[in-house]
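In the order they appear, the protein sequences are chains P and F. Every letter in the first sequence is one number past the one before it in the numbering used here, and letter 242, counting from 1, is 242. Every letter in the second sequence is one number past the one before it in the numbering used here, and letter 39, counting from 1, is 39.
Keep in mind the hints are simulated off the structure, nothing from the lab. Honestly, I wouldn't trust all of these hints.
[As the list claims (entries may be wrong)] No more than 27 angstroms apart at the CA atoms, straight line, and that leaves these computed lysine-lysine pairs for DSS-like:
1) F:K90 <-> P:K148
2) F:K82 <-> P:K148
3) P:K168 <-> F:K90
4) P:K87 <-> F:K73
5) P:K191 <-> F:K44
6) F:K50 <-> P:K106
7) F:K45 <-> P:K106
8) P:K87 <-> F:K45
9) F:K50 <-> P:K191
10) F:K73 <-> P:K106
11) P:K168 <-> F:K45
12) F:K44 <-> P:K210
13) F:K82 <-> P:K168
14) F:K97 <-> P:K148
15) P:K191 <-> P:K168
16) P:K148 <-> P:K126
17) F:K97 <-> P:K168
18) F:K44 <-> P:K229
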Amino acid sequence: MKKVVKNNILNKECGITLVALVVTIIILLILAGVTLNIALSENGIFEKAKEAVEKYKDSSETEALGMSVMKYTISRDEKDKIGEILKDNSVDNPDWTVIKLKNENKQYGTNYTYVKEGTEIEGYGKAKHNWVINYETGEIIQLDDYIKVSSGEGVAVTDNLELNINPKSMSNLDALGSGITFISGSGEASKEEYLKGSYIEFDGVDDYLKIDNVHIDDNGGFTFEIFGKRIEKNKEIILLSKTKFEGKQIELQNTNFRNAINLNNFYSCCMGNHKARRFISKTKRDSRTLDRLQN
Amino acid sequence: MLFNDGNDDFYITVTINLGTNMINVYYSTELIGENQCNKDYLDKKTICDKNIPFTIGMYVGGTDPITWYSSLKLYGCRFYDKILSDNEIKLNYNASKDLLNN
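The following block holds chain P by itself, in its conformation from the complex (with noise of 0.2 angstroms):
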């Protein structure tokens, strides 16, 4: 009998519950799955860590072109700046090129030198950003949504230039620009497929351009200009409309004013909101499409 007990303590004293175990388990599971929300969601300490290190690259790239300004101040020598001299549009400046930003009515010219991705920067290697410098002030400012204009690309006015699509000058460069993308058929074609030289050519088919993000203030109004050959004579020219996207739905949002633009079935530029929205598949307009050119 009194071993019979000394057992009973003991059992008591060394083992636990299944309801401890259980209990002990839920709370290291969450316990697991907090840490895990920290290390490795959005905010999570992993992409902290990859900001950390970019903004750590940002700023190596930012004080490497510090020193080149630096130099270029000692040196006087035109020899040590980095990148391409800008110039202001003037009559003075008949080879002018100037950076515009996007969005905000301000550009770089006299005094600036652009500095493109990729451009080698002593000391540091090539530049993962696009800058702008002014040699005389100091100031280096980091790009982001802008465009490039010059005096070869047949542009005179660059005020509130917010655009300025070039096929001529494209031909070094990897893309349209940013936002821009030349679709046929159901995806972005690649620059071989349309550009053809100095001009981009659209199929009658199932190319289109598409322009994302371009500012428009709804205080005052805008212009588009667009020049061209056409390839079929007697079909119309679409010249600017105004889709929304949803996958591989397209929602109406171009009710067109054709009587104002449309000018002997040649040219028509739609905008506008459709009162009645309707929905139809890509499929299905595609083959009405191929349809109606057959006929």
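We have chain P; now place chain F onto it with these hints.
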């Protein structure tokens, strides 16, 4: 008529006044059309919505909606966040017209 003259080149400028809904169309530098558009057809909210892209060479329309595409060679296109004056349109035309000969 202006566009049936056998000349395949085109240089079109369209100015759209969102205050008055007035649309002007220029062929080269000549004003060839102007129209005050119904507000339902010139929806300011849609035009200024940056999330709705502009498209060139394609639109969806008609009572039985179909998609229309252009057959053309594009030598250039521009957007201005302002209404260009007649003089500015001429300046741009004179600066750009030679691009069409390349």
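Hints, one by one, checked against the model:
no., hint, verdict
1, F:K90 <-> P:K148, "22 angstroms, holds"
2, F:K82 <-> P:K148, "19 angstroms, holds"
3, P:K168 <-> F:K90, "21 angstroms, holds"
4, P:K87 <-> F:K73, "31 angstroms, violated"
5, P:K191 <-> F:K44, "33 angstroms, violated"
6, F:K50 <-> P:K106, "20 angstroms, holds"
7, F:K45 <-> P:K106, "25 angstroms, holds"
8, P:K87 <-> F:K45, "37 angstroms, violated"
9, F:K50 <-> P:K191, "25 angstroms, holds"
10, F:K73 <-> P:K106, "31 angstroms, violated"
11, P:K168 <-> F:K45, "34 angstroms, violated"
12, F:K44 <-> P:K210, "19 angstroms, holds"
13, F:K82 <-> P:K168, "25 angstroms, holds"
14, F:K97 <-> P:K148, "20 angstroms, holds"
15, P:K191 <-> P:K168, "13 angstroms, holds"
16, P:K148 <-> P:K126, "20 angstroms, holds"
17, F:K97 <-> P:K168, "13 angstroms, holds"
18, F:K44 <-> P:K229, "30 angstroms, violated"
In the structure shown, a violation is registered for the earlier hints numbered 4, 5, 8, 10, 11 and 18, in ascending order.
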